[in-house]
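Novice: Mind docking chain B on chain A? Use the hints.
Sequence order for the protein chains is A and B. Per our numbering: the first sequence = residues 1 to 367. Per our numbering: the second sequence = residues 1 to 367.
Among the clues, some could well be false.
Pairs involving identical chains hold if they fit within one copy or between any two copies, as the list cannot separate such chains.
[Said to hold, decoys possible] When the alpha-carbon atoms are kept at most 20 Å apart in a straight line, the in silico EDC-like pairs for lysine to aspartate or glutamate are as follows: (1) 12 x 35; (2) 188 x 159; (3) 168 x 128; (4) 325 x 276; (5) 351 x 267; (6) 46 x 3; (7) 9 x 35; (8) 54 x 219; (9) 27 x 38; (10) 9 x 34; (11) 44 x 103; (12) 28 x 38.
Note that these hints are calculated values from the structure, not bench results. The structure presented is a predicted model; accordingly, all values stated were derived computationally and were not measured.
2 protein chains.
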Amino acid sequence: MNELLVAFKQTKYKVPGHGPRNLHVLKKALMDLEDQMESEMYGKGKIIVEFHEKMANFLGKEAAVFFPSGTMAQQIALRIWCDQKGIKRAAYHPLSHLEIHEENGLKELHQIETVLLADKNRVIEFEDVVGMEEEVACLLLELPQREIGGQLPDYSTLEAISAYCKEKGIKLHLDGARLLEILPYYEKTASEVCSLFDSVYISFYKGIGGIAGAILAGDTSFIEESKVWKRRHGGDLISLYPYFLSADYYFDKRVGKMEQYYAEAKELAHFYNQCDGVSTIPQVPVSNMFHVHFDAPAKVMEIILADIYKESGIGLSAYVREVSKTASYFEIGIGDLYAEVPDDELIEAFKLLDKKMKSRNELHKRD
Amino acid sequence: MNELLVAFKQTKYKVPGHGPRNLHVLKKALMDLEDQMESEMYGKGKIIVEFHEKMANFLGKEAAVFFPSGTMAQQIALRIWCDQKGIKRAAYHPLSHLEIHEENGLKELHQIETVLLADKNRVIEFEDVVGMEEEVACLLLELPQREIGGQLPDYSTLEAISAYCKEKGIKLHLDGARLLEILPYYEKTASEVCSLFDSVYISFYKGIGGIAGAILAGDTSFIEESKVWKRRHGGDLISLYPYFLSADYYFDKRVGKMEQYYAEAKELAHFYNQCDGVSTIPQVPVSNMFHVHFDAPAKVMEIILADIYKESGIGLSAYVREVSKTASYFEIGIGDLYAEVPDDELIEAFKLLDKKMKSRNELHKRD
Chain A
1 MNELLVAFKQ TKYKVPGHGP RNLHVLKKAL MDLEDQMESE MYGKGKIIVE FHEKMANFLG
61 KEAAVFFPSG TMAQQIALRI WCDQKGIKRA AYHPLSHLEI HEENGLKELH QIETVLLADK
121 NRVIEFEDVV GMEEEVACLL LELPQREIGG QLPDYSTLEA ISAYCKEKGI KLHLDGARLL
181 EILPYYEKTA SEVCSLFDSV YISFYKGIGG IAGAILAGDT SFIEESKVWK RRHGGDLISL
241 YPYFLSADYY FDKRVGKMEQ YYAEAKELAH FYNQCDGVST IPQVPVSNMF HVHFDAPAKV
301 MEIILADIYK ESGIGLSAYV REVSKTASYF EIGIGDLYAE VPDDELIEAF KLLDKKMKSR
361 NELHKRD
Chain B
1 MNELLVAFKQ TKYKVPGHGP RNLHVLKKAL MDLEDQMESE MYGKGKIIVE FHEKMANFLG
61 KEAAVFFPSG TMAQQIALRI WCDQKGIKRA AYHPLSHLEI HEENGLKELH QIETVLLADK
121 NRVIEFEDVV GMEEEVACLL LELPQREIGG QLPDYSTLEA ISAYCKEKGI KLHLDGARLL
181 EILPYYEKTA SEVCSLFDSV YISFYKGIGG IAGAILAGDT SFIEESKVWK RRHGGDLISL
241 YPYFLSADYY FDKRVGKMEQ YYAEAKELAH FYNQCDGVST IPQVPVSNMF HVHFDAPAKV
301 MEIILADIYK ESGIGLSAYV REVSKTASYF EIGIGDLYAE VPDDELIEAF KLLDKKMKSR
361 NELHKRD
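Next comes chain A alone, as it looks inside the complex:
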């Protein structure tokens, strides 16, 4: 374990997240549930049917089905739309999860070609969609765009893209891994946002803080077809209840806290942006997440941050990632822990960060 992670673990207060991903998270979710509660069997049975209905209702869709992972759910969604249209081509952002985190599953398992829209550093705009030269079966929008700090297009842009896709017969899929987290910024309900999309995926281990798993929602025929593909992928387990029961528990616990996380993210980003050589993307967050960028290499930041954690007892991040030889960053996602950090101690930690960045930059300029 590196020094920064060790120092982070030893802090009294941690700024991001909901706390450690340990066995307690599961035990707590199951604690008050009856021992005699019967497992679902391969997607059938009272407990899973009820959860499916609850999620379909929340998202304003006809039907929903629980998947062990978003990777599986989204490849399947795109496969169904491609098969339906008879065009094996889908469009998405160059930093989509499907493009960079799934070992090319979409291509290797489904033979679906991809069209990358927009530049890496910005979200997909209406012009990108209209300007698409290739014919595609579907378009995937990730809201917020995670790999660029959780940025969002204007809501009117979403409406325009949705209307355009409908007109052109292009199916629109929502990568809503962090859908709940953006509702306060858009000032919309989940079902209002989802009404712009033909299919929707949401995750249960981001803002919701569950163990794992995802919901895919859409029309009944789409969802029925997705269940066939779920079996083909090996995702139709005899029992998925350890995931969806805990997903349900943490959903109820945190669905109402997204407004709070969003406000806290804006406050925290403001603290970062006041420090020398530090900036956030987006500058003003539009969800519970953002990226913190440093004008210093990861190796330097690891030392500076570890020192701050030891002095202040406040952990800002467990890691720093290299951007270039002179720049680094980490990602912040606000969860339950932020509210536990005493204001004055947090402000002290940021004074330390500012001071250390200033003296580092002074030294660096003299080199």
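Specialist: Positioned in the frame of chain A, the structure of chain B alone reads:
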């Protein structure tokens, strides 16, 4: 819920299985584990590495990796062997899980053609393998062959097939969903059986009685490649611990009980075979499982069995399946429950079954 299932649930003693698949099964497995135990992260971390090593060692293979399902693990195994050989063709039994329970995942996701060996009603023999006309990259053997009551070839046949495949460069994969359950019959260790195969899958919710999940084992390079495919399939979850921690718990609890289950299965099959119009396949079980066949349609058997359960308080099976208009069957898998059934009460139940079958057959002949 049908009447037979209702009657089964109300019995004092149930003959097959380990008991209900309810939340207690998971809670019990986790109960004594520390709340602070940290989740693995996407296949990395102490708790999963230790389990992988334990299973690789048990199976006598270089490496092992946990999968959420056998469906996923086995498709991937065959894909790797097909890619390696550059031949998209695999051979297996006509009633293989991949052929009849996976919605053609192997073909739809991996474009692998299949060659079906042997007749539906018997196991694959050496002659079937030698007589194969098509060139295949790999051969999958399911031990025991579940859909025909859990039948096995002679061990010398396995050795001959293994030697032949090695000579011909055909990779041999073991569908060992019930591998532990057959070791007492073969009088072999798991690693002895596995040494005949290039890759091996075992399940944790059959004889072991866990929640779900599977292990795939083989050479290190094979397992590393399988992890890439696991991610493509959407099986590389951030946390699989609810499954593998419980798999580990029930593995330790039951790995030493397979000899007992096997002996009990033979005893129980004997009871069935003494009844009029009832027979088992295999006649003498070679594992903890067998099929019970009735010379009567499912509708008739449902009534007869429900009556027996009510009179005796003993539940023989929760369901009966139609074979034809005049025949039906169910599957038995012996678990922890069998030992709890009092001998004399069980014998009484079988006297009832024999009597009711006799009078039914008398009436039937007069019709």
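Novice: What hints, given by number in increasing order, does this structure fail?
Specialist: none
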